[in-house]
Structure formats: structure tokens, C-alpha cells
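In the order they appear, the protein sequences are chains V and S.
Reminder that position 131 of the first sequence reads as 131 in the numbering used here, one-by-one numbering, no gaps.
Reminder that position 120 of the second sequence reads as 120 in the numbering used here, one-by-one numbering, no gaps.
Quick caveat, the hints were computed from the structure, so don't treat them as lab data.
Since the structure is predicted, the reported quantities are computational estimates derived from the model, not experimental observations.
A couple of the hints might just be wrong.
List time: in silico DSS-like cross-link candidates among lysine-lysine, alpha-carbon distance up to 30 Å [to be verified]:
{"no.": "1", "chain 1": "S", "residue 1": "K684", "chain 2": "S", "residue 2": "K474"}
{"no.": "2", "chain 1": "S", "residue 1": "K580", "chain 2": "V", "residue 2": "K62"}
{"no.": "3", "chain 1": "S", "residue 1": "K583", "chain 2": "V", "residue 2": "K59"}
{"no.": "4", "chain 1": "V", "residue 1": "K100", "chain 2": "S", "residue 2": "K583"}
{"no.": "5", "chain 1": "S", "residue 1": "K483", "chain 2": "S", "residue 2": "K502"}
{"no.": "6", "chain 1": "V", "residue 1": "K100", "chain 2": "S", "residue 2": "K626"}
{"no.": "7", "chain 1": "S", "residue 1": "K601", "chain 2": "S", "residue 2": "K684"}
{"no.": "8", "chain 1": "V", "residue 1": "K62", "chain 2": "S", "residue 2": "K586"}
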Amino acid sequence: MSKIAGIYWDDTAAAPGISLSVYFSGCHFHCPGCHNPEAQDFNYGEDFTWITISDVLQKLKKNGVMRTLSILGGEPLCNENLGDVLRLIGWCKNDYPDLKIYVWTGYTIEELEARDDDDVRAVLRNITCLIDGRYEEDKRDVTLPLRGSSNQRVIMMEDYNV
Amino acid sequence: MDLMIKKRTGQLVPFNKEKIVRAIEKAYKEVYSTRDDKPSYATEIADAIEAVEKEMQEKYEDYLGVEDIQELVEDYLTDYDRTVGKAYIKYRYKHGIMRANSTEFIRAISEKLRATNVQNQNANIDEHSFGGRVGEASDEMMKQYALDFIVSPMAKANHLNNEIYIHDLSAYAVGMHNCLSIPFDDLLANGFNTRQTDVRPANSINTAFQLVAVIFQLQSLMQFGGVSATHLDWTMVPYVRKSFWKHFKDGLKWLDEGNEAHYFANVDISKMPIEAYEHPSVDKQTIVLVTTAKTTKAYNYAMDMTQRELQQAVEGMYHNLNTLQSRSGNQLPFTSINYGTCTLPEGRMVTKALLDGSIKGVGKFHKTPIFPCGIFQCMKGVNREPGDPNYDLFRLALESTARRIYPNYANVDWSNAAGYDINDPRTYFSTMGCRTANLGDINAESGTNPQMKDGRGNICPVTIILPTLAMEAKEIVDKIGTKDEEGNELVYEMALHIQFMKLLDKKIHEAKDMLLERFEHICSQSPESAKFMYENHTMLGYHPEEGIRSALKHGTLVIGQLGLAETLQILFGCDHTTEKGMKVAKRIEQLFKDRCGEFKKEYHLNFGVYYTPAENLCYTAMKKFKAKYGEIPNVSDHEYFTNSMHVPVWHEISVFDKIDIESQLTGYSSAGCITYVEVPSGVKNNIDALETIVNYAMDKDIPYFALNIPLDNCNDCGYQDEIGEKCPQCGSTNISRLRRVTGYLTGNYKTAFNRGKQYETEERVKHIH
Numbered sequence: 001m002s003k004i005a006g007i008y009w010d011d012t013a014a015a016p017g018i019s020l021s022v023y024f025s026g027c028h029f030h031c032p033g034c035h036n037p038e039a040q041d042f043n044y045g046e047d048f049t050w051i052t053i054s055d056v057l058q059k060l061k062k063n064g065v066m067r068t069l070s071i072l073g074g075e076p077l078c079n080e081n082l083g084d085v086l087r088l089i090g091w092c093k094n095d096y097p098d099l100k101i102y103v104w105t106g107y108t109i110e111e112l113e114a115r116d117d118d119d120v121r122a123v124l125r126n127i128t129c130l131i132d133g134r135y136e137e138d139k140r141d142v143t144l145p146l147r148g149s150s151n152q153r154v155i156m157m158e159d160y161n162v
Numbered sequence: 001m002d003l004m005i006k007k008r009t010g011q012l013v014p015f016n017k018e019k020i021v022r023a024i025e026k027a028y029k030e031v032y033s034t035r036d037d038k039p040s041y042a043t044e045i046a047d048a049i050e051a052v053e054k055e056m057q058e059k060y061e062d063y064l065g066v067e068d069i070q071e072l073v074e075d076y077l078t079d080y081d082r083t084v085g086k087a088y089i090k091y092r093y094k095h096g097i098m099r100a101n102s103t104e105f106i107r108a109i110s111e112k113l114r115a116t117n118v119q120n121q122n123a124n125i126d127e128h129s130f131g132g133r134v135g136e137a138s139d140e141m142m143k144q145y146a147l148d149f150i151v152s153p154m155a156k157a158n159h160l161n162n163e164i165y166i167h168d169l170s171a172y173a174v175g176m177h178n179c180l181s182i183p184f185d186d187l188l189a190n191g192f193n194t195r196q197t198d199v200r201p202a203n204s205i206n207t208a209f210q211l212v213a214v215i216f217q218l219q220s221l222m223q224f225g226g227v228s229a230t231h232l233d234w235t236m237v238p239y240v241r242k243s244f245w246k247h248f249k250d251g252l253k254w255l256d257e258g259n260e261a262h263y264f265a266n267v268d269i270s271k272m273p274i275e276a277y278e279h280p281s282v283d284k285q286t287i288v289l290v291t292t293a294k295t296t297k298a299y300n301y302a303m304d305m306t307q308r309e310l311q312q313a314v315e316g317m318y319h320n321l322n323t324l325q326s327r328s329g330n331q332l333p334f335t336s337i338n339y340g341t342c343t344l345p346e347g348r349m350v351t352k353a354l355l356d357g358s359i360k361g362v363g364k365f366h367k368t369p370i371f372p373c374g375i376f377q378c379m380k381g382v383n384r385e386p387g388d389p390n391y392d393l394f395r396l397a398l399e400s401t402a403r404r405i406y407p408n409y410a411n412v413d414w415s416n417a418a419g420y421d422i423n424d425p426r427t428y429f430s431t432m433g434c435r436t437a438n439l440g441d442i443n444a445e446s447g448t449n450p451q452m453k454d455g456r457g458n459i460c461p462v463t464i465i466l467p468t469l470a471m472e473a474k475e476i477v478d479k480i481g482t483k484d485e486e487g488n489e490l491v492y493e494m495a496l497h498i499q500f501m502k503l504l505d506k507k508i509h510e511a512k513d514m515l516l517e518r519f520e521h522i523c524s525q526s527p528e529s530a531k532f533m534y535e536n537h538t539m540l541g542y543h544p545e546e547g548i549r550s551a552l553k554h555g556t557l558v559i560g561q562l563g564l565a566e567t568l569q570i571l572f573g574c575d576h577t578t579e580k581g582m583k584v585a586k587r588i589e590q591l592f593k594d595r596c597g598e599f600k601k602e603y604h605l606n607f608g609v610y611y612t613p614a615e616n617l618c619y620t621a622m623k624k625f626k627a628k629y630g631e632i633p634n635v636s637d638h639e640y641f642t643n644s645m646h647v648p649v650w651h652e653i654s655v656f657d658k659i660d661i662e663s664q665l666t667g668y669s670s671a672g673c674i675t676y677v678e679v680p681s682g683v684k685n686n687i688d689a690l691e692t693i694v695n696y697a698m699d700k701d702i703p704y705f706a707l708n709i710p711l712d713n714c715n716d717c718g719y720q721d722e723i724g725e726k727c728p729q730c731g732s733t734n735i736s737r738l739r740r741v742t743g744y745l746t747g748n749y750k751t752a753f754n755r756g757k758q759y760e761t762e763e764r765v766k767h768i769h
């Protein structure tokens, strides 16, 4: 079972517009200068449960404002978290088919595809945007939208054939 | 019946015969210092005065004042013993002087004069400067004078008892009014007079913007509050045109494309749009000309020159309004500009230039301009959604807000602002920066839309300090018990609620009387007192033969309020973020609204419900409250009262929930309110989020909306962001921290805010991550 480092129900610091941002705990990359080092620990935070999913579903459109679902970490797409991330995406898409989903991962999209995993493909097919690649301290650039370092990429999935 | 007398403060205290006896004995001792007997007539005189007092109370239901009693003693004494009488008079005189010497008054004046206790009551005034010290010291005198000689005992008692606050008391005696939306269209088109000269109409965009600053300054000297432009983009259209056609003529002349005199012989260029070929009212010859002209060098030259002139003109205005300390040398005029609805190319150019100027900032380090307060007027079909003609300007406005806190957002579609004339932007909803707004004018002359904003303003405000009334209601219930008028036993909460509403109703009526009293005093001033205003008709509807009342009657008389949240805590132990609290909050606001509506009809004056800024009052009222009632949890355990009907700043709540709550109450206000939310500075990278938030507020019918985004400024290198202790760029700790105070911004809140507002600012919590 995954752990959740934290959730911002209303977030302006993730995807464009208002996000509901879920931070999954645990990451193998340990990039120097990591933005959320405490979330590298797989045991950090609260359990990800059905209650988490139901809270997210309830609050995605609270006050009538359709939020974007932002999934961050830690590393959401490592094998330990992949199943729960997919479960979360599945339920959200089921309730809100037009939901926009942004995912931040330390893997490159090429690395993800090379895993040749149905779950990974399912994630990639259902999300709007992937921000990929490790954080590289020497390429740090805070002026870039959505990213921390210039090697990272913002990939709009509608332009991408999975 | 207990005999009572009135103290100098207006407070009633029991009549004490013994005091009279002792005073006479003292005077007797003064004269006959060697004798050790007592005057036999002392008790006789005291008895006689008691009889007078009794008669007064029984027959006339009035009370003798301390001074009245002393007069009587003088009269009687002089009859009994002339020498002792004289001694008494001398004693009384000396005592009077002593009292004056020892009062707050002299102390307060010398404090202000020497700037030994700077409180920053108004963040815009430099209380250390010469001008500030003169101004503040004389304010002290003017306040005392007003309380002692002008206002009624009822008003004075309310003011001193922390029940109903008289705002800007220092401007009361002299009879100034509060604020005004200036009819710039007329003043720029017709020119205006000043004491020394007259000013010709503006003939270019550069001059027009310069005159805006000059007019703001002149008008602000006629009053104690703010000045605004209600639709500056529309106002400037003719002057953009004038500049354009001037440059176009020059272009034709120097770029050798023909003889300009021929083309423009019969055309009034101020009425000719830049894109004249689209304009049906222009004669045929010109249409042909301009259509061709668009492709010429002259056209490109003229467009370029106009844009540059406009940009410089706007920058000039921003600098002027942040540098001209024109109010007694220590204060910038409180200026606000509304814009954003004009879809003509010229108006769009103006809005764009205003926003570019705001984003660019002023001075060496491009600091955020404190004035004017920019207000972007949101309007459906004009600038709210993608595809609207001014949507791009709305996005630009959001970008400016993210980086400069300004502009704020006015909601032209607000339900209370209905009835405006779509063809007359002077009637679109606009506000003063602080929040004061003009809605339907009950004295609108025929042919004038009641929603006309230009030439109108607030005449005077008072504020009911709700928590004081709640405590008083509690005291009453604790004393008389919880039975209602028919003798039925009520639960405590219900009895308290009923008692509070009764008291509030009484105080709302007294507030109305206080406003009428001040209104009459203001109306009794000569038009000579504010020559610029009356000579140039900056105030709407002035007819010299009818006196200045003819103009003042279009303004608003407003009943404000402070501390709804704390009041509900006293009454029910919860505030209006709960369902129960909100239910009562609505009842309270409904009473304000109903009464103001009735007063408006009865007196034919624009009474309105006002959600007071209370910049200084939030602190001073709390100080007085604490002195009287001590520290009560959730009520007086902060250093300030919560603004009007706002959710307390320290309450953890989401942006959308805060808007949901406050939007349920903004509809009761007819004279101004503001809703703000705290947003992190990182939002400058997420304009989409800001757009969602602003549009959400507009859709919830919030009339005036503002975003508080922390803006810190390194004074050494100019770096701007939310800065921790040290500047991340140069390591300096010399940081100015810019925050909103009431609707306006100020400089560094750490030095410019009063203590209460400093605490308030530090306790603000973010409403979104």
C-alpha cells in the first residue's frame, strides 16, 4: 500500500489553474537538491486508502470549481506506487471523464515506455500532461513553467502516441 | 426617583448634595482662613439646588449638567455672601484651567507636535515630517473642538462610549465631506478654473494624463477622503485620437505624402476614431483618405508616436500620484482609477498602457506604485471569457495583480448595480479604492441615471461597533433576566439575541441622527470653502441659487459596522463560518438594510449600509473594548476587531469557501464593501488559477474583489517576491514588505501600519496553497 506525503485540496503551485494535488511518498532517485526530500521515504505520511480516493472524488469539484488532478511525489510511477496511482486515476476519470491530470515523474517518458508495462501505459493514456526527467541541480531554472531544471520536459499527451 | 446629573462627558451620575456643601465650605475657608466654623448656608444652597434638579427631572425629563450646577451655586452664593461667591468663581475658573492643562488634550497635542508617539493611524501620512506634525497636532485640536462645541451630546456619548464611531472627526468642525468620483470627461473637455488661473481643455493624451493628476490633487484638497476616476479608459479616448491625428498630420508633412491641410480642413479630430474607415459618421472624403492612410508611413509613424506618448503619459501619471505630497505637505491624495470595459481601439490602448505601467513599476527599482489604486472593471461579454473583446486585457490585469497586487476587480454585473446604462460608462459599477461605492441616487435629476457615479461620493460615515452592543445586551439580560415582554421564559441565547437586536435597532437610529446632524453641518458651509469643487462642478448637480445642498444630496450617508465575527462569538460562541452564525448574521445585516432603506425614503437622502475599512478603528476600538471588558476568548484575544463582516483573517478556510461565505452578506451592502483572499506569491506563474478565482468571485456576485499577494522588495538590489529574512539575490535584510491595508496598499507594513493592522497582517493565513 502506498503512502501519501500530503494533499493540497486547492493548489496554485502545480498544474495551470486550480489543482487538487496528491503527493505520493517514496522515490529511488534521490536527486541532489530535491524539492521534497522527506517524501523520498516510502514510509512517510498517511496510508493511501479507499478513504483517500473518496475524499479526492468529493473535493475535485467542490464549490463547483473543476480542478485539475496533479499527481506528484516522491515518485508516483515507481512500481511501489504505480498500482495506487492507476487506481486513483481510474476512479477520478470514471466520475469526471473530462478531468485534466498532470503527473510529475523522475523517469523520462522513454524509460517509462521501455518498462513495457500495461499499468504504465494505462497511466500515460489517461493523463493530460507528463512532466518527466530527474531534477538536475546544475540545470536548475526557476523561471521555467512547471519544471525545476531545464532537462525536464512538459509533454502534452494528446500529441504523443503511447 | 434617583436624582441624576450629567457629567461633562454626557454620562449620567447620581446627584450628590454633599459635593456642593463641600465646595462651598472650601470657598468659605479660602476667604475666612482664620475662622474654623462652617458656613451655615451651605446646606441651604445644596437643598435649593436639589429642588431645582428635582423639578428639572420631573417636569422636563432633563438633567442638570455640572456646569449648570456650578452656575446655580455662584448665583446663590453671591446672594448670601458676595466675597465667598467671588472666591468660588475664582476657584472654579482656576479649576477649569487646571482641568484643561491636565487633560489628554494638551498631552495629545504635544505628542503629535513632537512626534513622540507615532501610531500610524493612517498609513499614508508621514507623522514624523514637519507637515505631518502640524497636521496631526491641529487634527487633535479640531477633534476636541468638534466634540466639545459641534456634535450633540448623544453623538459625543456614542463616540466616547465605543458604540458609534464618528469617522474623520478632525474634519467635522470645518465641515468637509469625505470622497468623490471626479467627472473627468467634463473637466478635461471644458478645462477648469483655479484660484490663480484657468486651464484650457486637454489637446493631447499627454496633457490629459497630466491634468488627471492635477485634478486629483486639487479635488483632494476639498475633502478628507479619496478621489477616483470611474472609467478612465473611456475618458481618454478623445485624447488618444487628438494625439494620433496630430502625429498623423506631422507624418504626412514630413514623410512627403501630401498636403495635410487639405485632408483635415473640415474634420473635428477629437471625434474621429483612429480606425476612421470603420466609422460611419465620418464624411466620404476622409474615409477614402484614411483607408489609404492606413498603409502609409504616416499612419505607422502616427501609431508609433501615439503609443509612445501614451506610455509616457501613463508613467508620468503614476510618478505624479506617488510623489505629489499635496495634502498639507505630508500625504499623497488617495487616488483610484477604474478601467477595462472600453472596447474601442483607443480605449483598449489606454487600458493596456495603464496595466503595462502598473507591471513596470516606478523608480529605479521599478517598485510597485502605491497610488493610484487600480480597479479593473469586470463585465460579462466584454472581458470575462475567452472570445470577449477585452479578454486579453483581463489576462494582462491578472498578470499585473500577480506581480503588483493591483488592480483590484469591480463587478459591473453586480446585482445591486443593476439599472446602469450600457451606453454610458459613467454609470458602470466602479468604486473608491478603499471600497466606498455609489449606488442608486434617490435625488437623481430627471434625465440622469440614478446609477451615475461621476460627481458623487460619500458625504460622511459612522461605524457601529457591534461587539460593544453585544456586551451591553449581555449586561442587560444578566440584569433583567430572560423573560420576554409577555413574561414567557426564554432560553438565554434567545433572550440575548432579542436584546441585542433591540439595542442595535436603537443604535442604527442614533447613527442615522448622527449622520443627519453632520450632513446639516456640512451643508451649512459656504461654497467659498471649496471653490474648486463648486466653481468647476466636480460635484454633481450643484445649483448656486439652491446652495451646496443641491450637490451634497447626491452623495451617500453611510452606516458602517465593525466586528461582526466577534459579535457573533459573544452572542452564540460561533461566527458566521457556521450555519447558525450565518443565519443570525443575515438577520443583523437585514436590519441594517431595512433601516437604511426606510431612512432613504423618509429623508430623501442616500443612506446606505457600509462595510467600513476601519483602518485605525479596528485597533482603537479593541483597545477601549479590552479596557472595559478584558480579554474574552475569540472576542478580544487579538489586538484588533475583524473588518466589517469579513471572515477573521486567522481563520483557516479555502479561497472558495471564504468567497461563498462573504458573498452571502455583500448583497446587503449598498455603500461599499470589499472581499479579499490571501494568495501565495507563486501564483504569478499560474495566471489561470487567478482567473478561476476572480471569475468565481464575480459569478458569486462579489461587488469588489481583491487578492492579497505578499510582495516584498529588497531595498538594496530591487529583488521582488515573498522574501524570508534575507534577500535571496543579495543577502540584504533591508526589506520593504508591501501589504494591503484597507483596499489601498501602503509602503512597508512594518513601519507604515498602525499596531493593530501590523498584528492583523501577521495573523493573516493563506486561503490557497
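Okay, the hints, checked on the actual structure:
no. : hint             : in the structure
1   : S:K684 to S:K474 : 48 Å, violated
2   : S:K580 to V:K62  : 22 Å, holds
3   : S:K583 to V:K59  : 25 Å, holds
4   : V:K100 to S:K583 : 37 Å, violated
5   : S:K483 to S:K502 : 15 Å, holds
6   : V:K100 to S:K626 : 52 Å, violated
7   : S:K601 to S:K684 : 47 Å, violated
8   : V:K62 to S:K586  : 24 Å, holds
Hints 1, 4, 6, 7 from the list above are not met by this structure, while the remaining hints are.
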